[in-house]
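Q: Here's the letter readout for the chains.
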Amino acid sequence: EPEVTQTPSHQVTQMGQEVILRCVPISNHLYFYWYRQILGQKVEFLVSFYNNEISEKSEIFDDQFSVERPDGSNFTLKIRSTKLEDSAMYFCASRGHGANVLTFGAGSRLTVL
Amino acid sequence: AQKVTQAQTEISVVEKEDVTLDCVYETRDTTYYLFWYKQPPSGELVFLIRRNSFDEQNEISGRYSWNFQKSTSSFNFTITASQVVDSAVYFCALTWTNDYKLSFGAGTTVTVRA
Numbered sequence: 049e050p051e052v053t054q055t056p057s058h059q060v061t062q063m064g065q066e067v068i069l070r071c072v073p074i075s076n077h078l079y080f081y082w083y084r085q086i087l088g089q090k091v092e093f094l095v096s097f098y099n100n101e102i103s104e105k106s107e108i109f110d111d112q113f114s115v116e117r118p119d120g121s122n123f124t125l126k127i128r129s130t131k132l133e134d135s136a137m138y139f140c141a142s143r144g145h146g147a148n149v150l151t152f153g154a155g156s157r158l159t160v161l
Numbered sequence: 312a313q314k315v316t317q318a319q320t321e322i323s324v325v326e327k328e329d330v331t332l333d334c335v336y337e338t339r340d341t342t343y344y345l346f347w348y349k350q351p352p353s354g355e356l357v358f359l360i361r362r363n364s365f366d367e368q369n370e371i372s373g374r375y376s377w378n379f380q381k382s383t384s385s386f387n388f389t390i391t392a393s394q395v396v397d398s399a400v401y402f403c404a405l406t407w408t409n410d411y412k413l414s415f416g417a418g419t420t421v422t423v424r425a
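If you read the protein sequences in the order shown, they are chains S and H.
Under our numbering, the first sequence has 52 at position 4, and the numbering climbs by one with no breaks.
Under our numbering, the second sequence has 410 at position 99, and the numbering climbs by one with no breaks.
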């Protein structure tokens, strides 16, 4: 069964460092998403992406965050200067054209020290 | 306001008991979609079911069943004859846009003891 792949599974970084989280969506999917889950809290929408541009973003997704589809297979989330409060599980998801369900990856746990 | 409330934080049962998870939602839109996702201890989010606002039929899938009632804005989920492998956090979610900006509830942690 096709799946969304995320790397790394866990990253520990120092406050102020840049972090890039990588996602490989399902190959024929066109819509891509990042969600965040702070430990013990609900899953929150960050951003959606289609046709090489952001479709929608939440208030969490400020100037410190950016997304990119650098090639035909990867979808990345960059945090320019990490803060302690960026510590969370980050989920990538993708959806095919006309499909009505998101397929989520296993998540990347980010720990900012 | 668009909001999903899962009032039950944690539920603990013994194997073979039934478990019902409550989900209450708020939305201004007449067209919306409701979801349940399972998050096992390994952390991934596993899709369980999607319902659109025009389809109030209840659904059964094996030991899982869902009760959608627009009159009470609820979309409850029942696990029948629970098993240890059902231990997970279960999230109810709502989207009212075609862009699938999901709004999740806080989740209910289900622990099934052998």
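No wet-lab data here; the hints were simulated from the structure.
Where hints are given, some of them may not hold.
Straight-line C-alpha distance at most 25 Å; calculated SDA-like pairs for lysine to any residue [unchecked claim]: (1) K327(H) - T422(H); (2) K412(H) - G64(S); (3) K349(H) - G144(S); (4) K349(H) - E337(H); (5) K349(H) - V395(H); (6) K314(H) - S57(S); (7) K412(H) - S57(S).
To give a feel for the contact side, a few chain H residues facing chain S, derived at Cβ under 7 Å [claimed, not checked]: (8) K314; (9) E355; (10) F365; (11) D410; (12) A417.
C-beta: ideal position from N, C-alpha, C; glycine also.
Q: Any hints this thing doesn't respect? Which numbers, in order?
A: Numbers 2, 6, 8 and 10, in rising order.
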